[in-house]
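Fit chain B with the ligands to the given chain A structure using the hints.
Protein chains in written order, with the numbering used here: chain A, 1 to 667; chain B, 1 to 248.
Derived from the structure by calculation, the hints contain no laboratory data.
Ideal placement from N, C-alpha and C gives every residue a C-beta, glycine not left out.
Treat the hints loosely; a few may be bogus.
List time: in silico DSS-like cross-link candidates among lysine-lysine, alpha-carbon distance up to 25 Å [claimed, not checked]:
id, chain 1, residue 1, chain 2, residue 2
1, A, Lys396, B, Lys153
2, A, Lys181, B, Lys197
3, B, Lys90, A, Lys412
4, A, Lys307, A, Lys412
Label pairs and their in silico Cβ distance ranges [stated by the list, open to error]:
id, chain 1, residue 1, chain 2, residue 2, range
5, B, Gly228, A, Gln381, 19 to 27 Å
6, B, Glu232, A, Asn548, 52 to 60 Å
7, A, Gln381, B, Glu232, 25 to 33 Å
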Amino acid sequence: MSVLDSKIPEGPIDRKWSDYKNKIRLVNPANKRNIDVIVVGTGLAGGSAAASLAELGYNVKAFCFQDSPRRAHSIAAQGGINAAKNYQGDGDSVFRLFYDTVKGGDYRSREANVHRLAEVSASIIDQCVAQGVPFARDYGGLLDNRSFGGVLVSRTFYAKGQTGQQLLLGAYSAMSRQIGKGKIRMYTRHEMQELVVVDGKARGIIARNSVNGELERHSAHAVVIASGGYGNVFFLSTNAMGSNVSANWKIHKKGAQFANPCFTQIHPTCIPVSGENQSKLTLMSESLRNDGRIWVPKNIEDVEAIKQGTKKPTDLTEDERDYYLERRYPSFGNLVPRDVASRAAKERCDAGYGVNATGEAVYLDFAAAIERYGKEQAHVQHVESPTAEDIYKLGKGVVEGKYGNLFQMYYKITDDNPYETPMKIYPAVHYTMGGVWVDYNLMSTIPGCYVAGEANFSDHGANRLGASALMQGLADGYFVLPYTIGDYLADDIRTGAIPTDTTEFDEAENAVRSHLERLIDVQGTKSVDYFHKRLGKVMWNNVGMARNEKDLNSAILEIQNIRNEFYSNVRIPGKIDELNPELEKAGRVADFLELGELMAIDALSRNESCGGHFREESQTPEGEAQRKDDEYGYVASWEYSGNPSEPKLHKEDLVFENIKLVQRSYK
Amino acid sequence: MKLNLKIWRQNGPQDKGEMKTYPIDGVDGDMSFLEMMDMLNNQLVESGESPVAFDHDCREGICGMCSLYINGEAHGPDRGVTTCQLHMRKFNDGDTIYIEPWRAKAFPVIKDLVVDRSSFDRIMNSGGFVSVNTSGNTVDANSIPIPKDDADKAFEAATCIGCGACVASCKNASAMLFVSAKVSQLSLLPQGKVEAKERVLNMVQTMDDEGFGNCTNTGACEVECPKGISLENIARMNREYLKGALTK
Ligand SMILES: Cc1cc2nc3c(=O)[nH]c(=O)nc-3n(C[C@H](O)[C@H](O)[C@H](O)COP(=O)(O)OP(=O)(O)OC[C@H]3O[C@@H](n4cnc5c(N)ncnc54)[C@H](O)[C@@H]3O)c2cc1C
Ligand code: SF4
Ligand code: FES
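This is chain A alone, in the form it adopts within the complex:
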């Protein structure tokens, strides 16, 4: 297994998917009843896949580690979902969405996959509305849109600041319907621990029931992994506490290659770190950049005065402020893509202009938006010569309507009122573009093992555009996988149920048991969090927003050390066969400690800057990312060799036939 075959269909880009779908093999309904599919994960990708596969007639077993499928991390997505509907008549089209996404990803994604994504995007919105997803609407009763970074059209559908929640509840309702019918068997509070491979094909999993600690065997004809992203390798991220790489990592160690692991998205607008005991970071949605303006003081004296509390940000006049994104990128302004916005914030803070005690914060200011909306409303409501206070009130009402829950969240966390004083924000780890390598069918390098949603490396190249993850997760689950998996399962109509009393299942279960025993038997002196935090610091400092050869090399050594120490000094209380949250955490951190090293190795081997991956050695004179297409125009796909420190690199060359490669510019 070395040559990566992406299985991209022949033909012109806009015909590939439809022609392929017409030719794909189907399984007849009577035969589907004899075929089992396991879906690990019930987020947008897993939830939509499980519901659709069950509707088609397959027997689905779905797994999640939370106590309900509705709690998958997709629930936390705030800002919106893209679709090429062109309801605003502002020139949007499938091609434009395709183009924006490939360019936004800094030309490190597969054209054919991205085009398919853009093609199915419109159906997602139709589907969700039919399920009763209450998207925002205008007074005429039609769907409303907003803009996200890196594009010049309004194609983002939203439900206030809770778009992910509403979409996930839609997918959850579709699952609930199938659970009610008995077509999906739902296993909550279950964590996949191992993939079972029989004759080279994925045929089942070992899962641990976290309520009683029992290891269970589950067989199927195909296994879909939709377990989300691995941002928590940095300890602090905007991901939920339980988000992890383990399902991905287990299949990686069984033969699935891991692609572009170092491609991490650092999101520009998050609430800054406040203290050592902090357990996670909170995102302030990118949608806020529709209306918020980002700035730091122009003069270093004002920075000091603000830090000392002798001046407030609202005391500074317009000319005393540096709206650095508007200054550097006049055509996109505050709506540059995330990687660009994050690096620009870091640049200002590194230069000493950070506005909080740690020097790692910039302002996101709504005063201008409140005034603009206030005036507009005064006009609409025929308020004669409105006072400043009238305008503020009216404007605040509009802003509240758009972002109310985000402002409340900010207030609860920081105790600062963002209607009155600008928010303080700083970049934080948010999303991982890297993931398990999959072909056009979303199949990994293990036959029968599919990977969907954030867990695969897929469609976002080196930088994901806002509102595209929700689109991709639902596209994978509702509209891609249900077709492509049929082609594979067509060979299994006569296989019959896969037995679990075989040596392959015995071996997999034993391996899991001995790994868990090894962890619990250490009985050292430090908690799991202690190691996770240390790993996170190394990752953030050396494999974070800016990377260089020296720091990456030292990260590799440090991670190896932390890993060794972990296995000799971690302390996990309790037993395997009981509810044991520390043991669950330990299993996840053990995998992060191997993944972190692979991320550093990958970042080291890619000596170019692209998207979120910024190598200090490769920048333009103005400090922008410098791609090297001739040397690095490929997907870096890593094979596990048996030793986490010695992965084997495979390359999938990226061919661009429809889009011309240029240095990205948002000026």
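Just chain B with the ligands now, kept in the frame of chain A:
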């Protein structure tokens, strides 16, 4: 801050359980309540004691997984927040804080502060959906305009996070607020109206079967609901139920 924590410890569903006292020092106001619990747990682990099990995931008030009953109130003393969004600045140095699990017949304790809320899922499985296939071959999303007011109301109802605080705060352990939020959302939208009658009857039936209590309009649920789900939804569901029951 120095605090005195009184925490419910229960080894398993069959165990009787008891309150235990844990003093903790060095808590600062910017920490969230669950970060304070993390700190306690790390100390317990490193001193060889068993940490306190509690549910949580997103830690930003949206997944509905966290669920603590703090000083006699679901999600603690602050309004409009979940436990994970509660910050220690709401407490004072020297305070004693009582921490218990949700208590309701339909939410049995699994361990310590962790309860089993799968009864909520079973209610959803019995009707909390629109019966539309996920093929995508539906009508264009803009072909049925929905009055903004209805869309907004449906959205408000749909923001329920399924945490169960309403049940935990209710002296009857009724699930009316939770169920009515879903019934309302779908009955306000044209897409959901088609099967509105069966939906409400089936969901109410399951709610009763699962052992939730009756609603006697005390309104405690609305007060403690972190998402401000309004009692209006219960009124709307009662109307829907009557309609459904009369035409059945
Ligand atoms: C705060 C925040 C805001 C965001 N906002 C947006 C936005 O506005 N627009 C946008 O497009 N994207 C947004 N994103 C990104 C987007 O939400 C995610 O990329 C996407 O939801 C991931 O979906 P998923 O289905 O792949 O995985 P997830 O939703 O993470 O689901 C993972 C599932 O896998 C299960 N699981 C994991 N490991 C195991 C295991 N070992 N065993 C069993 N089950 C397991 C979990 O229980 C869960 O059910 C946001 C992300 C964050 C963090
Ligand atoms: S109605 Fe409120 S309290 Fe009840 S489950 Fe929903 S969000 Fe929680
Ligand atoms: S942990 Fe998700 S709501 Fe509290």
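So which of the earlier hints does this model not fit?
none
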